[in-house]
Amino acid sequence: MEPSAASRGLGTLLGRAAEAVYAFVMGLLGLVVEPLQRLLGVRRMPWVFLLPNLSIFGLFVLFPVFLNLYVSLTGGTQLFPQDRPFVGLANYERLFDCGSYADPNSCVEDRFWRAVRNTTTFVVFQVGGMVLVSLVTAVVLNRRIRFRSFFRSVYFYPVLLSPVVVALIWKWILQRDGALNALLIGVGLEPVNFLLDGRWAMTWVIVVSVWAHMGFYTLILLAGLQSIPAELYDAAAIDGADGWRTFRSVTLPLLMPTMMVVLVLALIRAVQTFDEVYVLTGGGPGTATMMIVQYIYQTGFATQVQRFGLAAAASVLLGLVLLVATLVQLRVGRRTEGHLA
Amino acid sequence: MTKTRKTRAWPRLLFALATLFALATAGAQVELRITWYDDGNEGQVLRDLLDRFEAENPDIRVVLDTVPYATGILQSLPLQLASGEGPDIARVTDLGGLSQYFLDLRPHLSDAAYWEANFGPFLDWMRPAGSDAIPGFMTQLTVTGPFVNATLFEQAGVDVPTGDTTWEEWADVTRQVAEATGTAYAMVMDRTGHRLAGPAISYGARVFDEDGNVVIDDEGMRAMMQLMVDWHADGTMNPDVWIGSQGAYAAGNESFVNGQVVLYMSGSWQVGQFDQLIGDAFDWRVVPNPCGPAACTGMPGGAALVGIADTEHPAEVARVMEYLASEEVLAEFYARTLFIPGHLGLAERGVDYVSDSPSAVDALNVFASQVGRLDQVAYDLQAYRYNRFVFDAMRDRLTQVFVGELTLDEALQRMQQDIDAGIAEAQ
Chain A
19 MEPSAASRGL GTLLGRAAEA VYAFVMGLLG LVVEPLQRLL GVRRMPWVFL LPNLSIFGLF
79 VLFPVFLNLY VSLTGGTQLF PQDRPFVGLA NYERLFDCGS YADPNSCVED RFWRAVRNTT
139 TFVVFQVGGM VLVSLVTAVV LNRRIRFRSF FRSVYFYPVL LSPVVVALIW KWILQRDGAL
199 NALLIGVGLE PVNFLLDGRW AMTWVIVVSV WAHMGFYTLI LLAGLQSIPA ELYDAAAIDG
259 ADGWRTFRSV TLPLLMPTMM VVLVLALIRA VQTFDEVYVL TGGGPGTATM MIVQYIYQTG
319 FATQVQRFGL AAAASVLLGL VLLVATLVQL RVGRRTEGHL A
Chain B
963 MTKTRKTRAW PRLLFALATL FALATAGAQV ELRITWYDDG NEGQVLRDLL DRFEAENPDI
1023 RVVLDTVPYA TGILQSLPLQ LASGEGPDIA RVTDLGGLSQ YFLDLRPHLS DAAYWEANFG
1083 PFLDWMRPAG SDAIPGFMTQ LTVTGPFVNA TLFEQAGVDV PTGDTTWEEW ADVTRQVAEA
1143 TGTAYAMVMD RTGHRLAGPA ISYGARVFDE DGNVVIDDEG MRAMMQLMVD WHADGTMNPD
1203 VWIGSQGAYA AGNESFVNGQ VVLYMSGSWQ VGQFDQLIGD AFDWRVVPNP CGPAACTGMP
1263 GGAALVGIAD TEHPAEVARV MEYLASEEVL AEFYARTLFI PGHLGLAERG VDYVSDSPSA
1323 VDALNVFASQ VGRLDQVAYD LQAYRYNRFV FDAMRDRLTQ VFVGELTLDE ALQRMQQDID
1383 AGIAEAQ
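These protein sequences, in sequence, are chains A and B. Residue numbers for the first sequence follow my numbering, so the first one is 19 and each next one is one higher. Residue numbers for the second sequence follow my numbering, so the first one is 963 and each next one is one higher.
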């Protein structure tokens, strides 16, 4: 249906108005940028455009990192750095003061080492589970199944939820009088206090975390699967390879770079986990699910004596672990680009 | 000037005058912020009282920020005060620990003698050592003690124990009632060392040595903690509160209000809430604090409304505080909130509590009668500046014993280490 003369006229008017506004704004910008360019020269102008972003990055990322490093070398309970006495490596010495690192009970800061042990357990099982579940899901979603688009969306929905919402939903399911126990009672089984038993609590923390985040990694692996040339699968079929052989010899090797990226991303995220676990179990029962970030938060903020120095030292150590993981990811990423090239 | 210009000039002049007037009056009104938490209806009551104050004092506007107790008052408020970004007035329970941030109202008060006469003993709880400051007043005095679901006792055909009953006897009888009525748990206690301290002192815990240093490990403390371990292990105590709420204060009031527990160890601040929430769902009452070999004591405590030293409007803060601390206003506050008065004059004369519930009035009377049985160690611990280190250490380390991470011996050692480390840092 042809647009009417009136609507064409309105469209032209709106277009001209938009052009006028654009020209006005560019003109205003030009008043600033042109003299600057004459002063600095064209080659230095990119720095001018990068400066705002770099300033924000410096102020809100770099500066707090260095400030935190300084606070980790101070003691006392004062909030402001200038009021805190310098104690050197005393906080780090306190964290590492143990009879045996394998036994948190032998350590002065036993809760720190329990948090390290819990975080290690969580990372190993959560990342392993995450990669496996995401891979299987991506492989299935890559096939021509019915309602494929629907399933691709459904697996991504939990990623969109806030971690607090995820944790609250699962808390209602898992608590003593929750939905899962109602189901168990309904089929004649004894209810289980999932969140009050240390091993169950850790298991469910891992399950909930995998459920909440697998959609994101499934998407990445799906993209990796779709980048594998179809001719290779045709060739494998001609050579008589069955499904498992094809997966082992074609899919896995070509997907490995993407899987490494997923592995490292999942690892970085797992080490930093806090909100879901804190809302679901509070780090309990006891300290069974206390992760390192919760230890830092509680040490620095949630006790009557806020031990900022000790919390800062623990966060510096956490930062070093994450730095190593990030460097690994960068290296893997470069290898992936080389491989694809 | 032409007639057109004259006509246009008047509206502009009027607009300018109106703007100036608005700016002037806006600038003259002082806004004060109170950080507050609710146990029951006290926020509502305070808002009513403040509305009346504002009507009589249009130059002051008071904003009431109601926050959760655990995260807002215990965790966030100390950080806000340390950073100088706190409110003008706050309701606090950690009186000694935060006393360095309180405003001394004395220079701004019209009658400091009234404050000394009616709040005298409690002012020491909120003063830095050696100070004669008047930082605020108690919004309530509290006494810890057990609530029981009398209806469950009736249904079980068991009499509610009277007289000096021990904690073991209460555990036995409440287990009996729970079994007979199909109630989930016999007992529950709020997740805080403050609630445990009273029973521990009853069992002989001294807490302090002769020099006033905290020594947590003694026979009395061990005895009571062992009972708690046993009760959590055999299902007498509801584990959801102590084990299921790691890292924070948690109250067991929900399970009591929902009829899921026979006895609830808490305190007098719950009376107003129970009066509203329980209604006639079941009969509830307060029973005297159970006994141990040493005493039959609970813990005193309370919350105070204090001025904050960093306020930009100390004179206005003092005006609000003088109004709220006046006898007439406080009498209404206590009467409507069902709180035990922290005003000596009102405590002596009595408060006409506003409640149709005989349970609420009886409860307050029982709590009031417990005041005379509070042990001196309980008072000393409540007044101790670093008592929160003690309570937090008891809470966190005992929880680790419940879940098998520590033995009781290890936990008591760790408690002492935590307390000593905390005090060393604070000093």
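It should be emphasised that the hints constitute simulated quantities derived from the structure, not laboratory data. Do not rely on the hints blindly, as some may be mistaken.
Which bits of chain A does chain B cover? Going by a derived footprint, with three or more residues having C-beta under 8 Å, they are [claimed, not checked]:
(1) 55-67
(2) 84-97
(3) 208-219
(4) 303-317
A few chain B residues that don't get close to chain A, going by computed Cβ distances all over 12 Å [as the list claims (entries may be wrong)]:
(5) 995
(6) 1059
(7) 1069
(8) 1082
(9) 1090
(10) 1094
(11) 1179
(12) 1184
(13) 1185
(14) 1290
(15) 1291
(16) 1359
(17) 1360
(18) 1369
From a predicted model like this one, the values you see are computed outputs, not experimental measurements. Cβ atoms here follow ideal geometry from the backbone N, Cα and C, with glycine treated the same way.
Is it the case that residue 1185(B) keeps its Cβ farther than 12 Å from each residue Cβ in chain A? 22 Å, holds
Chain A versus residue 1290(B) - minimum CB to CB distance exceeding 12 Å, so not interface: 36 Å, holds
Verify this label for me: residue 1369(B) is non-interface relative to chain A, using a Cβ-Cβ cutoff of 12 Å. 9 Å, violated
Checking a non-interface call: every C-beta of chain A should be farther than 12 Å from the C-beta of residue 1359(B). Is that right? At roughly 10 Å from the nearest Cβ of chain A, residue 1359(B) sits no farther out than 12 Å, so the non-interface label is violated.
Could you let me know if the closest chain A CB is still more than 12 Å away from the CB of residue 1360(B)? Not fine: 10 Å to the nearest Cβ puts residue 1360(B) too close to chain A.
Taking 12 Å as the cut and beta carbons as the points, is residue 1082(B) off the interface with chain A? The assertion about residue 1082(B) holds, with a minimum of 26 Å to chain A.
Closest CB of chain A to the CB of residue 1090(B) still more than 12 Å away: 15 Å, holds
So is residue 1094(B) really clear of chain A, every C-beta pair being over 12 Å apart? 25 Å, holds
Per-stretch coverage check for the region 84-97 of chain A, three Cβ contacts closer than 8 Å to chain B: holds (count 5)
Is the listed coverage of the region 303-317 of chain A by chain B valid when you require three or more residues with a beta carbon under 8 Å from a beta carbon of that chain? Satisfied; 7 residues make the cut.
12 Å cut-off, C-beta based - residue 1291(B) kept clear of every residue in chain A: 32 Å, holds
Confirm or reject: residue 1179(B) is not an interface residue toward chain A, with every Cβ-Cβ distance exceeding 12 Å. 17 Å, holds
Violated hints, listed in ascending order, are 1, 6, 16, 17, 18; each of the other numbered hints is respected by the structure.
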